[in-house]
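These protein sequence lines are chains C and E, in that order.
When the letters of the first sequence are read in order and numbered with the UniProt record's numbering, they come out as residues 1 to 269.
When the letters of the second sequence are read in order and numbered with the UniProt record's numbering, they come out as residues 1 to 389.
Just so you know, the hints here were simulated from the structure itself, not pulled from any lab data.
Misleading hints may appear alongside valid ones.
Said to hold, decoys possible - Covered stretches of chain C, going by a simulated chain E footprint (3 or more residues, C-beta under 8 Å):
id	stretch
1	21-31
2	140-147
3	235-243
Because the structure is a prediction, the values reported are computed rather than measured.
Even for Gly, the Cβ is constructed at its ideal location relative to N, Cα and C.
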Amino acid sequence: MLKQRHNVNIQGAGDRTLVFAHGYGCDQNMWRPVADGLVNDYRTVLFDYVGFGGSDLSAYDSEHYANLDAYAQDVVNLGRELSLTNAVFVGHSVSSMIGALACTAAPDMFSDIIMVGPSPYYLSDDTYSGGFTHVQIDEMLEFLDANHFGWSEAMAPQIMGNSDRPELGQQLTKSFCATDPQVAQDFARVTFLSDTRDILPNVQTRSLVLQCRDDIIAPESVGKYVHDKLPNSVFRLLDATGHCPNLSAPDEVIAAIRDFLLDDLAHDE
Amino acid sequence: MMNDTHGDTSLNERDADFFENFPCGIILVGPNDIILEANATMAEWLDMPRTALVGKKFSELLNFGGRIAFETHVRPMLRMEGRVEELAFDLVNAQGDRVPFMANTKEQRSPNGTHISTQIALFKAIDRRTYERALLDAKNMAKSTAAREQEIAVFRERFIALLGHDLRNPLSAILSGASLLDRLGQGGRDDEHNKTLVNKRQFVVDGIKSSANRALNLVDDLLDMAKGRVGAEMEIERVAVASLGAELEKLVNEIRTASPTRDFVSNWTIDHPVEVDLPRLSQLLANLLSNAHRHGDEAGIVTVTGLTTQDSFKLYVENNGEAIPENVQATLFEPFVQGQGKTKKNGLGLGLFIVSQVAKAHSGQMEIQCDDNLIRFVFSMPRLTAPLE
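Isolated chain C (complex conformation) (with noise of 0.2 Å):
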């Protein structure tokens, strides 16, 4: 059911799961180029969250979906229907952070956890800085507020809930970024005002901080903080540039995630 909602697309057949989380702004498709690049040695998972992409967008909920714990949450029950344990969790922008999340809620599920330009908070305090201002989060607001991205009044969850004819619902799938703008407003919120960095010295998970070069979004600096504050974590620094490596670099991620995960198995024997 879950499945359904989130819009689970399973590929390969290898014996450990790589679970791909998209960030904040589109939607499964933005892994798609690194999972395809590993679907002949594992298995790889990729979800929509509710509310976007090809998700259940009946099931969205202002109040419920106000804080990083909810969508924390939803991982952790999709990893149960799909009975994961010691699986790979790779989290793109915010998605790092919801996995941190649910790597401490549901510490057997995921063995490993692969952070994507993590930033566990974008505002600044006296002995932080995440680099940005309320300001500039106003300014992105009223930038999503002009731009829909293909979105359209027409696919309302209503519509897009209609099963009898599903063929609409693809008709009306104009682009991966298309998103409700309520959606994207809230998430847009719960992304840039979420403060996650109390738990980052929770997660016993072995970790791997993926840091892109002139990265506007989640700055060299704040890449650092998280790999310092996370107990087991390496740090790599990629030759992409920007906020998208999984877009595009993906052959620098694909071989990162790779060295990572032989490495874990050297380790092990």
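Place chain E on chain C using the hints.
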């Protein structure tokens, strides 16, 4: 052939003019975000020479919020879908001002899919975007108004249902009292019997009065509701009251008369002028006193204290009673919450809600303190509407 005016200019010259002066801005961005080309129209719209534009990072033309949105939405879409159309965003011109644009963008790729450059065609859209923004504002406004109306409607519906329900009790009591009086008749067989009859009649009349008073209180609540004083933000008018202590003492005296079995002790130490809406503040105090009277230990006294400090005015209402559990405290000021346990139901559960609304309207706050079999409701507010110069 006769109308062919193209003969004089070469194809290249025409292309150059197309590119430079066509009425749309053109920017070509490399995969590393560096602007490779920009036409004269674009340079003019941004009020900077073309040479300043070429070589600059495209994201530097965006405000920071726009950069985040580009990074999280536009770039991924370009990579995945090859093009993004009808984008609305602002670019920052030479003076640092925001210029609104509409744009179509396309990724130019090599045959193996590598990103060669991003083509951006831009139209200045000041009026269009202003219009759209106004529409959006109007839509958001309508949405929040509707949500608020809905909230009030739900509140009123509950209010009316409860009121209807609660009015039945005192009215039935009045009716049955009236029929009892009817049956008791006018006179008796002898003096002794008459005396008993007078006593009985007095008892019924007292009951009718008390029920009528309860009904009256409920109707007062209804009137407050109709005047929009409950459920919506309370509107008040704060004025300096000369002898606030004496005014409030009058109210306490009324309550003493209405509840002769209860001891009310009052202390007033109001040394500075206080700006309040007196009728509203009286309502707050009356509700707190009635609350203390109804829920406090029957033998205990109710103490009310009013005092001023340099900046604030405070009212304390204390009664004896068991501590209120914290989870109950949290809901006490919400509408329609009734006291629990042995106390008899009286009113709509709006008393403390109105207290909190009056407090809020005075920029003040309510606090509950429980210790040693003592329950204390504390109201504090800034003494004056504007701080002293």
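Checklist entry - Of the numbered hints stated previously, which ones are contradicted by the structure, given in increasing order? => result Violated hints: none; all satisfied.
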